[in-house]
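Please model the complete structure; the sequences and the hints are all you need to start from.
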Amino acid sequence: MSPVVSVENLTKNYGSVTALAGVSFTVDEGEVLAILGPNGAGKTTAVEILEGYRRADGGDISVLGHDPSSGGREFRDRIGIVLQETGIEMVLTVREAIDIYARSYSRRLPTDELIDLVGLDGKADARIKTLSGGQKRRLDLALGLAGDPELVFLDEPTTGFDPSARRKSWAMIEGLTELGKTILLTTHYLDEAQHLADRIIVLADGSIVAEGTADTLGEGRAASTISFTVEGSDRPPRLEGGPVMTGHTVTYRSTSVTSDLLVLTSWATERGVDLDGLEVTRPSLEDVYLHIVGETESGG
Amino acid sequence: MSARRYASLLWGQTRHNNRVFWRTPAAAFFTLALPVIFLILFSVIFGDVEVDGGYSFSQFFAPAMAVFAAVSSSFSNLAIGVSYARDQGVLKRVRGTPLPAWVYMAGRICSGVWMAVLSVGLMFLLGWAFFDFRMVWANLGTALVVFVVGIATFSALGLAVCAVLKNADSSPAAANGVFLPMAFVSGIFIQLDDAPRWLKILGDVFPLKHFAGPFGEAFNPLHESPILGWEHLGVMALWLLFGMVIITRYFTWDPRGE
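From first to last, the protein sequence lines stand for chains A and B. The first sequence begins at 4 in the working numbering and counts up by one. The second sequence begins at 480 in the working numbering and counts up by one.
In case anyone wonders, no lab produced these hints; they're calculated from the structure. Remember, predicted model here, so these are calculated numbers, not experimental data. The beta-carbon is built from N, C-alpha and C at its ideal position, and this holds for glycine as well. Please note: incorrect hints may appear among the correct ones.
To be verified - Listed below are several chain B residues computed to face chain A (Cβ distance under 10 Å; list not exhaustive):
{"#": "1", "residue": "A486"}
{"#": "2", "residue": "L488"}
{"#": "3", "residue": "Q492"}
{"#": "4", "residue": "Y563"}
{"#": "5", "residue": "L570"}
{"#": "6", "residue": "V573"}
{"#": "7", "residue": "A716"}
{"#": "8", "residue": "I726"}
{"#": "9", "residue": "T727"}
{"#": "10", "residue": "R728"}
{"#": "11", "residue": "Y729"}
Unchecked claim - Result set (EDC-like, lysine to aspartate or glutamate): computed pairs, CA atoms no more than 20 Å apart in a straight line:
{"#": "12", "chain 1": "A", "residue 1": "K132", "chain 2": "B", "residue 2": "D566"}
{"#": "13", "chain 1": "A", "residue 1": "K126", "chain 2": "A", "residue 2": "D115"}
{"#": "14", "chain 1": "A", "residue 1": "K139", "chain 2": "A", "residue 2": "D165"}
{"#": "15", "chain 1": "A", "residue 1": "K139", "chain 2": "B", "residue 2": "D566"}
{"#": "16", "chain 1": "A", "residue 1": "K139", "chain 2": "A", "residue 2": "D102"}
{"#": "17", "chain 1": "A", "residue 1": "K171", "chain 2": "A", "residue 2": "D124"}
{"#": "18", "chain 1": "B", "residue 1": "K645", "chain 2": "A", "residue 2": "E88"}
{"#": "19", "chain 1": "A", "residue 1": "K126", "chain 2": "A", "residue 2": "E99"}
{"#": "20", "chain 1": "B", "residue 1": "K645", "chain 2": "B", "residue 2": "D733"}
Below is the structure:
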């Protein structure tokens, strides 16, 4: 099956500033892909090109089989867009806004269902200008889903939320994946990407600097930690990342865990010592992210 | 999509814009209340002035104010309303839905037409009730043709102003800065019979005189047979064309102009 989104060597410049320097990725049906990166990394530019708002300077782009810049109504009928900041007529009520914006889609979810879905049931007849920031964002989400889209774009869906509002939004977005929607989201929150995404690409300075799942993202980059305790006076072997001795506790930082473990276990077997409490700790996503983004910043 | 579907979308957009209009007091005031205030003030001040043939001042002033209100509903309403909608990102949101661009714009224009019809009716009604305005039916067809062409022209020009402005905050100044002096030069408020020649020529160049002139003439009881000034319609059509060119060339949906 061909992917829902396929991007090959996408480039975009604003004058002499390079926003995207040859980005390639795909999103499969039913998948949640997060584009993670610091502010100014090119996330919004990339997403707005895929939504059809901006033209790419170069590259091959296919979204639901369309070129977004010329996809027209047929294309927009199948996508849902939740932009980072978009206006709306503040004098309308929640229900009126959903009714008018949903009207142009050929398939549409019932207004009441949408209001329920985003948890605005108590606010259906409130004017939009009386809503809190979080409630407005939920209305944005409802409007993005109004046409029962196959693919949903979420550009920084929870920026500026308090922790409890963020949890609620996450639950809502998880609900969408259960409905089988394909989701492309951008975020600069690690925990958000980790929590919601099947796959993460890290964008920095207009290039993809890492790609993988929350679990595999760090492989070969940020170091894991190997630790154990030894009795006796034998000094464990020297490896690239250690040892660091704290009393009887030995720790190594390791970017190649398997081969390091082989050396350590051979060493222990030869000497007949036990590696008590042997533990391998993977780097946290935060370690990985800071490492990757730090590399780009110092390197470029 | 079927014609029926387009019609239903257009109807929805028109009602939507009407609703937003009525809930935005500033827009409602400038579009509807201001021409009424002018009508009352001028009619009271010049109430005793008898115009040719013993007709009342308001026989000529009510149609002029009706045109003023119609231009306000189309030109100013679109120039200001669409500029703010763009600045706030409403246009961008609309562009992300399957709603055809022309249906959105047509919805705004139709809503303006509705306001214009309301205010024209209001002017005539007030003029008739309080200021001795007498309805002239003989040239109603002419008035209608002039009205349609006039609204189309000033809608296009309103969107053209929006197209060249990059910032909504300057739109009220730009729209009124164009409209009000044009209204004076075009003889909307004061007859220009004794004005200098260059001022009259200036009025001839702009489209408002060609809207207000034949529209007012249609309600002039001295004309008993239908009159239609093709040259007036021609000048308006040229401005309509000019507006369309500017819109196609410069109009953007994105707040940042991309």
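How about V573(B): closest beta carbon in chain A under 10 Å, or not? holds, 8 Å
Any CB of chain A closer than 10 Å to the CB of T727(B)? violated, 18 Å
Answer holds if the nearest beta-carbon of chain A is closer than 10 Å to that of A716(B); otherwise answer violated. violated, 31 Å
Has the given pair, K139(A) with D102(A), been kept, meaning a C-alpha gap of at most 20 Å? holds, 16 Å
Does D165(A) lie within 20 Å of K139(A) when you go C-alpha to C-alpha? With a Cα-Cα distance of about 14 Å, the restraint between K139(A) and D165(A) holds, given a limit of 20 Å.
Taking 20 Å as the top limit, are the C-alpha atoms of K126(A) and D115(A) close enough? holds, 11 Å
Does the closest beta carbon of chain A sit nearer than 10 Å to the beta carbon of I726(B)? Where the cut-off is 10 Å and the nearest Cβ of chain A is about 19 Å from I726(B), the hint is violated.
K645(B) and E88(A) were given as a pair; does the straight-line alpha-carbon distance stay at or below 20 Å? Roughly 18 Å between the alpha carbons, so the hint for K645(B) and E88(A) holds.
Once the shortest beta carbon distance from Q492(B) to chain A is found, is it less than 10 Å? holds, 8 Å
Holds or violated: is the Cβ of L488(B) closer than 10 Å to a Cβ in chain A? With a closest approach of 6 Å, the L488(B) hint holds.
Taking only the CA atoms, is the gap from K171(A) to D124(A) under or equal to 20 Å? holds, 14 Å
Does A486(B) pass the interface check with chain A, least Cβ-Cβ distance below 10 Å? violated, 13 Å
The earlier numbered hints that this structure contradicts are 1, 7, 8, 9, 10, 11.
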